[in-house]
Amino acid sequence: MSTLAVHDHGVAHHDEHGHEHHHNETFVSKYIFSMDHKMIAKQFLITGITMAVIAMILSILFRIQLAYPDKTFPLLTTLLGHFAPNGRISTEFYLSLVTIHGTIMVFFVLTAGLSGTFANLLIPLQIGARDMASPFMNMLSYWFFFLASVVMLSSFFVQKGPASGGWTIYPPLSALPKAMPGSGEGMTLWLISMVMFVASSLMGGINYVSTVLNMRTKGMDLWKMPLTIWALFLTAILGILAFPVLVAGVVLLIFDRSFGTSFYLSDIVLNGVQQPYEGGSPILFQHLFWFLGHPEVYIVIMPAMGISSEVMSVNSRKPIFGYHAMVYSLIGITVLSFIVWGHHMFVTGMNPFLGGVFMITTLIIAVPSAVKTFNWLATLWRGNIRFTPAMLFAIGMVSFFISGGLTGIFLGNAALDINLHDTYFVVAHFHLVMGSAAIFGMLAGVYHWFPKMFGKLMDEKLGYLHFWLTFIGAYLVFFPMHFMGLDGVPRRYYAFTEFASMQKWLTINTFITWAAIMAALAQVAFIYNFIVSIFAGKKSTQNPWESNTLEWTAPVEHIHGNWPGEIPTVYRWPYDYSKPGAEEDFIPQTVPFSQTMSSNLPHDFEDNPAGLEELNKYTSTLKAEEKVK
Amino acid sequence: MMASIQKNNDRLDLAPKKFNMWIFIFTSFMFFAALTSGFIVYSGGKGHGLNVIMPSAFMYSTAAIILSSGTLLLANRAAKGLRFGEQKLYLWLTLVLGLAFFAIQIYAWYVLTYKMGIYFTDPNASRSFIYAFTGTHLIHIIAAILLLLNTLWGTYRNIPQVRNMFKMEMTSIFWHFLGIIWIYLYVFLLLNQN
Chain A
113 MSTLAVHDHG
123 VAHHDEHGHE
133 HHHNETFVSK
143 YIFSMDHKMI
153 AKQFLITGIT
163 MAVIAMILSI
173 LFRIQLAYPD
183 KTFPLLTTLL
193 GHFAPNGRIS
203 TEFYLSLVTI
213 HGTIMVFFVL
223 TAGLSGTFAN
233 LLIPLQIGAR
243 DMASPFMNML
253 SYWFFFLASV
263 VMLSSFFVQK
273 GPASGGWTIY
283 PPLSALPKAM
293 PGSGEGMTLW
303 LISMVMFVAS
313 SLMGGINYVS
323 TVLNMRTKGM
333 DLWKMPLTIW
343 ALFLTAILGI
353 LAFPVLVAGV
363 VLLIFDRSFG
373 TSFYLSDIVL
383 NGVQQPYEGG
393 SPILFQHLFW
403 FLGHPEVYIV
413 IMPAMGISSE
423 VMSVNSRKPI
433 FGYHAMVYSL
443 IGITVLSFIV
453 WGHHMFVTGM
463 NPFLGGVFMI
473 TTLIIAVPSA
483 VKTFNWLATL
493 WRGNIRFTPA
503 MLFAIGMVSF
513 FISGGLTGIF
523 LGNAALDINL
533 HDTYFVVAHF
543 HLVMGSAAIF
553 GMLAGVYHWF
563 PKMFGKLMDE
573 KLGYLHFWLT
583 FIGAYLVFFP
593 MHFMGLDGVP
603 RRYYAFTEFA
613 SMQKWLTINT
623 FITWAAIMAA
633 LAQVAFIYNF
643 IVSIFAGKKS
653 TQNPWESNTL
663 EWTAPVEHIH
673 GNWPGEIPTV
683 YRWPYDYSKP
693 GAEEDFIPQT
703 VPFSQTMSSN
713 LPHDFEDNPA
723 GLEELNKYTS
733 TLKAEEKVK
Chain B
4 MMASIQKNND
14 RLDLAPKKFN
24 MWIFIFTSFM
34 FFAALTSGFI
44 VYSGGKGHGL
54 NVIMPSAFMY
64 STAAIILSSG
74 TLLLANRAAK
84 GLRFGEQKLY
94 LWLTLVLGLA
104 FFAIQIYAWY
114 VLTYKMGIYF
124 TDPNASRSFI
134 YAFTGTHLIH
144 IIAAILLLLN
154 TLWGTYRNIP
164 QVRNMFKMEM
174 TSIFWHFLGI
184 IWIYLYVFLL
194 LNQN
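Protein chains in written order, with my numbering: chain A, 113 to 741; chain B, 4 to 197.
FYI, nobody ran anything at the bench for these hints, they're computed from the structure.
Source: prediction; values computed, not measured.
Each residue gets a CB set at the ideal place from its N, CA and C atoms; glycine is no exception.
Treat the hints with caution; some may be incorrect.
Said to hold, decoys possible - In silico negatives: residues of chain A with every beta carbon more than 10 Å from chain B:
hint	residue
1	M147
2	V359
3	S393
4	R429
5	V439
6	S652
7	G693
Said to hold, decoys possible - Lysine-lysine pairs mimicking DSSO-like chemistry, simulated, CA-CA at most 30 Å apart:
hint	chain 1	residue 1	chain 2	residue 2
8	A	K154	B	K118
9	A	K336	B	K21
10	A	K142	B	K118
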């Protein structure tokens with residue numbers, strides 16, 4: 113019976129190989145319309161990095177305006193034309209810059225660039241699957257994302273410029289094409305782009321969830337999955353539940369914009385003319401938007417958390433501290449994220465009682481977040497730490513998560529928020545806790561899995577330079593903003609230093625701008641390192657970080673189906689690092705307990721009485737031998 | 004050993020793809036849940052009620068979509084029993100009933116606008132919601148009809164039975180779901196019509 117089954121298997125594989133050889137890959141099917149999850153991951157990563165660079169340049173442009181509100185830079189007119197007449201960025205274009213910077217960073221970089229890259233790369237490789245549940249849908253997911261990126265960027269080429277109502281596109285600004293220049297074609301393009309983006313996101317997310325639930329290899333039960341997979345899985349669930357709500361909100365917005373309904377519009381006077389809209393409620397849009405919008409920030413941060421957990425465990429040569437607690441806190445964050453959206457709306461005239469409810473649910477999120485933070489610190493504690501660039505970025509992620517998370521406790525308080533709402537305090541808070549932290553998690557992932565993606569190693573020295581300049585730069589940029597916010601400086605203002613009471617912040621603005629320019633230049637080190645290493649990097653070995661997870665058992669050369677022959681079977685959890693009694697300081701998930709008798713512990717056999725018996729036999733013979741000696 | 008045998012079948016295993024459809028249904032459910040929640044927030048916040056007696060056309064369209072679910076069930080049973088002629092017949096019936104549903108919904112819009120004077124651009128957006136619900140549901144119906152056509156096309160090309168059943172199941176999940184969603188929306192509108 114058993115030989116028959118094994119024989120069968122061999123035949124099946126012959127089949128598969130035969131099929132592969134027949135199937136000639138063309139340039140188009142391999143690099144462009146690829147259905148291989150590893151190639152799609154690279155496509156997502158490179159598109160994401162490109163979008164990130166663009167968004168960073170936008171931020172430098174508006175930082176220049178903030179630092180030098182009175183100076184003229186003729187070069188800006190040369191580059192931007194009528195968006196920057198007389199060497200200064202125009203007020204409308206400033207708002208466009210802020211809006212598109214936010215949109216690109218939140219959605220295109222930290223949602224698609226982060227989840228898209230690492231869910232595609234890691235889910236099949238770390239759970240032991242040959243590819244995604246539906247490779248075709250996976251390919252569509254990337255191409256919808258690509259189209260969404262193109263449409264979003266194309267809005268820079270329309271006469272009146274891109275959308276400028278903020279990344280949250282609140283009506284009435286977004287609902288009335290004549291409200292401001294950016295509400296015209298720019299806003300239309302924004303909406304088209306976001307619809308495509310949501311389609312991409314949903315197709316990706318559906319695939320990720322289905323793959324994790326259905327296609328794990330033999331032995332890979334849920335509690336043997338690496339934390340990266342847990343995080344990406346729960347992120348995908350968040351996206352599946354939250355994005356449709358945004359679509360509903362956007363559909364109604366499109367009706368208001370183009371069909372004359374008044375879902376969100378009421379009592380509007382435009383250029384002195386009373387508009388026919390009545391009875392609408394702009395607050396309704398905020399409810400629908402933030403029901404997505406808040407889970408969205410966890411969609412951004414949870415993959416970064418998963419990646420950091422994995423990278424920190426590998427490079428501390430220690431099991432992750434509190435694996436179960438890490439998973440339960442991720443689940444807790446997932447559930448709680450759906451009942452806190454009202455904390456973005458404390459000042460909309462919401463019933464104070466309701467505000468109190470949202471405040472409590474918001475503050476409860478501090479619990480799972482703190483559990484995670486303490487677990488990361490406890491993982492580092494007395495670890496045999498290897499400071500690879502990936503490790504530095506993972507630690508940096510924890511640092512930003514702490515310093516940004518603390519201010520969340522202030523902002524989540526309904527009473528304090530009245531003062532702090534829409535000030536630079538908020539800008540500082542979210543740029544640290546979800547901006548910098550998520551970017552650092554993403555960069556940690558890039559440095560850590562670069563060998564897996566490209567079979568080459570990145571240069572470490574450049575990695576260190578990149579890390580320190582970015583880390584210091586990010587703190588120099590965002591930390592002073594807390595104090596501006598406490599002083600009441602409002603966000604999104606074109607030239608707030610013109611107000612007499614806020615003039616004193618001009619020097620700080622100049623300082624922040626130069627810190628931002630430094631941090632931006634540091635990214636050149638990364639881009640250079642990334643591109644050069646793809647072509648001329650040192651060849652990587654199969655398991656360069658001596659890691660336990662399954663992806664490092666796959667050959668360095670990428671093949672369709674990931675593993676030649678049988679998919680490896682999993683016997684243990686992914687965090688057996690520095691296990692006492694083991695020969696090496698790591699035991700891959702594919703090593704059965706029967707090969708590691710000297711390091712087995714009673715709790716390895718909680719649901720395996722036969723194994724426990726073997727262990728007891730082994731230890732008693734050891735003791736007997738010792739007595740003889 | 005069982006597990007490794009199972010893995011052999013992985014290449015033909017369509018279960019994960021079917022699972023994709025179930026998750027898609029979740030996303031779609033969230034979309035309609037968001038729209039109806041939007042209605043509650045809107046009408047509750049501003050005190051704008053619907054005050055529209057739903058046209059009786061909606062009763063007929065409800066009957067059509069329930070019947071179509073029945074014929075699809077019969078088609079499914081026929082496909083399982085390898086009675087392909089019967090399968091085709093019931094698929095065609097389902098298609099006709101689906102198109103009838105579509106047509107009746109459009110007719111209901113006609114009644115609403117021309118007979119009852121309830122317009123999409125009503126200053127009372129509760130009324131616009133009727134069109135938002137039915138319109139977005141009809142877009143789903145178009146997708147479901149395309150899916151149905153694809154399955155029907157498969158039965159004429161003599162595709163393997165595994166694929167045939169797979170297509171039937173995918174179509175069934177989506178089609179029955181849209182029926183349930185329509186009943187949900189209709190009951191929701193009826194409960195709020197005053």
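Quick rundown of the hints versus the structure:
no., hint, result
1, M147, "holds, 14 Å"
2, V359, "violated, 6 Å"
3, S393, "violated, 6 Å"
4, R429, "holds, 32 Å"
5, V439, "holds, 21 Å"
6, S652, "holds, 29 Å"
7, G693, "holds, 30 Å"
8, A:K154 x B:K118, "violated, 57 Å"
9, A:K336 x B:K21, "holds, 25 Å"
10, A:K142 x B:K118, "violated, 58 Å"
The structure fails hints 2, 3, 8, 10 (numbered hints given earlier, in ascending order).
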